[in-house]
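Number of protein chains: 2
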Amino acid sequence: MTDSNFFAAHEDTLKGALDAIGSRGFWSAYPEVPSGRVYGETARADGQAAWKARLGKPFELDQGYAIGTVSDESSPWGIETGIEYPRCDLNQVLGASRCAMDAWKRASVEDRAGVCLEILHRLNKRSFEMAFAVMHTTGQGFMMAFQAGGPHAQDRGLEAVAHAYAAMKACPQSATWSKRVSKTETVTLDKTWRIVPRGIAVTIGCSTFPTWNSYPGIFASLMTGNSVVVKPHPGATLPLALTVEIARDVLAEAGFDRDVVTLVCDSHDAPVAQDLVVHDDVAIVDYTGGNAFGDWVEANATQARVYSEKAGINSVVLDGCDDVRAVTGNLAFSLCLYSGQMCTTPQNIFIPEDGIDTPDGRMSFDDACAAIVKAVDWFLSDPARANEVLGAVQSPATLERQASARTAGGTVLRDGAPVAHEHFPDARLASPLIVQVEEADAALHEQECFGPVVYIVRTASSARSIELAADGAKRKGGLTAALWTRDDALIDTAIDAFTHAGVALSVNLTGQIWVNQSAAFSDYHVSGANPAGNATLCDAAFVADRFRLVATRIPVPAPVEEAAC
Amino acid sequence: MTDSNFFAAHEDTLKGALDAIGSRGFWSAYPEVPSGRVYGETARADGQAAWKARLGKPFELDQGYAIGTVSDESSPWGIETGIEYPRCDLNQVLGASRCAMDAWKRASVEDRAGVCLEILHRLNKRSFEMAFAVMHTTGQGFMMAFQAGGPHAQDRGLEAVAHAYAAMKACPQSATWSKRVSKTETVTLDKTWRIVPRGIAVTIGCSTFPTWNSYPGIFASLMTGNSVVVKPHPGATLPLALTVEIARDVLAEAGFDRDVVTLVCDSHDAPVAQDLVVHDDVAIVDYTGGNAFGDWVEANATQARVYSEKAGINSVVLDGCDDVRAVTGNLAFSLCLYSGQMCTTPQNIFIPEDGIDTPDGRMSFDDACAAIVKAVDWFLSDPARANEVLGAVQSPATLERQASARTAGGTVLRDGAPVAHEHFPDARLASPLIVQVEEADAALHEQECFGPVVYIVRTASSARSIELAADGAKRKGGLTAALWTRDDALIDTAIDAFTHAGVALSVNLTGQIWVNQSAAFSDYHVSGANPAGNATLCDAAFVADRFRLVATRIPVPAPVEEAAC
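First to last, the sequence lines map onto chains A and B.
Letter by letter, the first sequence follows residues 151 to 715 of our numbering.
Letter by letter, the second sequence follows residues 151 to 715 of our numbering.
None of these hints come from the bench; they were simulated from the model.
As the structure is a prediction and not an experimental result, all values here were calculated from the model.
There may be inaccurate statements among the hints.
The list makes no distinction among identical chains, and a pair is therefore deemed to hold if it is satisfied within one copy or across any two copies.
Stated by the list, open to error - Calculated pairs, DSBU-like style, for lysine-lysine (alpha carbon to alpha carbon, straight line, at most 35 Å):
#1 Lys524 x Lys207
#2 Lys319 x Lys165
#3 Lys329 x Lys319
#4 Lys275 x Lys624
#5 Lys524 x Lys275
#6 Lys319 x Lys524
#7 Lys524 x Lys624
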């Protein structure tokens, strides 16, 4: 193994991450600003050129077992990408993965950490190339594609490395066990423990955050000695193909078999995820995606340990605020960001029928609704800002869902009008549709409607708003909730209700911080405590069950007494 | 809550346990010697009297929801016990359990730890009463019933308390998150995290080690805020009924609802475990027992997180030794202890056809077999020792299994003759049946034959012995392996093979230490890395997924600049 330099090179980064997961203050290893001063003056141009050079060609991955090609990506920005990926024989890939694991699982924790940290380091250097890959598969605006697809995803990967490192180091490699068994006899055993991985880990990527949501599982499994099969979404393959390419290079340089990390691609017409996750050889599944298939994976992949990050219905409880413009402005950004395609985007805004509490007295329900619509309209009135923040819509199905919501019921307060883009005339763009409904319209607001669809729900009171939002999350799943209020008692009520519904609550946000944001090393993403997912990114539970410790016990002979002579 | 004194009273015990799970040297909180000097001169008599006072009567548990009684226990020692337990309405118990959890989950980690530590402390004081309860349900001899049913089980419970405490303390309760978001602006958030339990936890007890195997799950779930429903084996109810009684008293004294811990009893004819583990309200299942039902639980209780401790086929690889008598003596004790009813008891002894390596040269295969038989015979030649060590056979089915094995194939080297007992004439007693088979007789030695049945398997070589034993464990499950050899290279081969089969290996044991022993705070019991179970007692994976952390984020206003005047 030649990778010990990798560990030494990145040990400080690991130490920083270990401190951060303990203190949970702000920390980041990888700069989020896409600046030439940080990444090099030519980094953006180089990254764009590297990305462009991939277009319209087969993706050359140094991996065998191909039995054809697939090519299902199309940029939501309306340009041709046309990259062909290998379609591989599942059994061959799994066989190779198993063989590759043999040396990987025997490596030291430090050797594996060195490889993982070096992969993350190289991913970071390639953040601009990754940004274009993410942008033109997910539809994210460039800034988000850079940050969420690059440094923030790398931070999430590093966070998993740190948790796995800590979990494995919690047990010593050896110990001397000495027990007095009688007045004259002591038994002493040398005990050693070795780490045994669970087996082949499969990561099922999603179409909207292919790297951010996949890196925790990939790195948690790698760190703990498992080999990893990466199965990207057919519509967002390039970001994970790039990741696999980099990982394989680092593995080879460190003297390991490249097949410790493999890529399995499929198409919308001939998906392989179902066969893959229930395969006898698969011991771990990390799934991010919709609830329907996620629920199926949880119920059927019983031979594996499944970690799921699905979707939920996120809520806003608007009870009152000191500054209506500041609050609706903050909320408008949350609603517009990536056209509502974040799993943390609010869907339902609960407002009491008697309006909201402000320093100027009660603002009526209708005026409160109008203020939200106005804030969204104002935010989107600057085309450049609108384009950058909204991004494009990843899947045509999302636009169809928005179209259905327009006529499904309730009162349309703001139509989800298409937005023109100056650089990408064929981009799939939309803005938030805002529909007002009643409490009783549960068929509307209790269904997840992924994408740019917002329901304002008129309720009897803010207490009722909290009840509806928390209860809905408990039954249907939920990731985030936001509360704006001037009433401290209501904050306490909300904290209690949302905590026990497993929903992270943000209170009275204004300015440069939004409910959709989830920061590595501090915020747990998805609680695992409601139907939105069974795992969180990232805690001890996310890593500790990916490996086992197995012991050997050998007696230490009792010391020979010196003969008295 | 009045339980803060409980935490203060036992904080040193917790600290000792936390140190022990980190260093994994020998440590114990509860003395294993059933001595009057430790437990009080009248402790044995008092415990026996307390146990006797329960016989032939309803078990008075201060718990409602009863819809009848069950009484399926009978002492394997042949005496009448005749205790009646309440049969309860499942839905009522689960409803009460859910209500009781509400205050329990909101308590501090210290308050919950205080209650758990006090329960263990009181269990320890009642160790003699528990010993008789365990002896006359499981059939264990008195010494084992005292140690394994009392202090060793308490240590296993404390170990789980320590792991859960450490896992919950790994995340701070609050943090200040401060991020520079522009040249002039910093966002600061106060973050708080609360612990949310997974939900109602069900513990399914087994008939042979009702306390030792159940305490880890019970205490891990309690510590992390879950309520616990205890479902004992119908044939070994008293030890867990006693435990529940003590737990409920401590809960009430601490101001909690007694129904945080409830007892659900059933009978062989009308079992409720199946309904219970797949109930929608059940979020955690800790299962100890046979593989058939365990596999069913794992496949069907998909609404819950299942931790299973099933059975496996344990192996001995006998390649050679320095002192044949010392080794066969050590092995004979392991084979006789509790008539082979420990899940750690060896079943298969693999010996190469060309015999074993000794300082006096090669001992033939037949002579090696004869030495083992002789050691068992010698060990059992002292009736008092035989009675105490063999104990009684818990279930008549185990005797039937032994009877079938006698004629199923192979050559009987030693018959599993019944043993007489001077004090208990009606006891269900047996001694090990030893059958010689060939490698090819996989239908015999690759089936778990729980109880006093031992196969000696003739193999082509010791390398082949290791291969057969490790491969069998990987496919069918295995908890322990023992190797005796004079060849260091073979030790390395065995460590590698058994480690990757998830089997704890003991090498060259002689004297007062046996392969069946598993010490709390040091030995992981069941690896979770083969079909003998999916969990280990006890590690971070065993506790970390029983709770979640849910956050609230509230901005901290920027400091107001002093006006320059």
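How the hints compare with the structure:
Taking the shortest Cα distances, lysine 524 and lysine 207 never come within 35 Å of each other, neither inside one copy (46 Å) nor across copies (75 Å). Taking the shortest alpha-carbon separations for lysine 319 and lysine 165, both the intra-copy value of 13 Å and the inter-copy value of 19 Å come in at or below 35 Å. Both within a single protomer and between protomers do lysine 329 and lysine 319 lie at most 35 Å apart by alpha-carbon distance, with minima of 25 Å and 30 Å respectively. Taking the closest pair of Cα atoms, lysine 275 and lysine 624 never come within 35 Å of each other, the shortest separation being 41 Å inside a single copy and 42 Å across copies.
Within a single copy, lysine 524 and lysine 275 get their C-alpha atoms no closer than 41 Å, and across copies no closer than 70 Å, so neither meets the 35 Å cut-off. Taking the shortest alpha-carbon separations for lysine 319 and lysine 524, neither the intra-copy value of 54 Å nor the inter-copy value of 45 Å comes in at or below 35 Å. In this assembly of identical chains, lysine 524 and lysine 624 lie within 35 Å of each other by CA distance solely inside one copy; the values are 32 Å within and 64 Å between copies.
Checked against the numbered hints given earlier, this structure breaks hints 1, 4, 5, 6; the rest are met.
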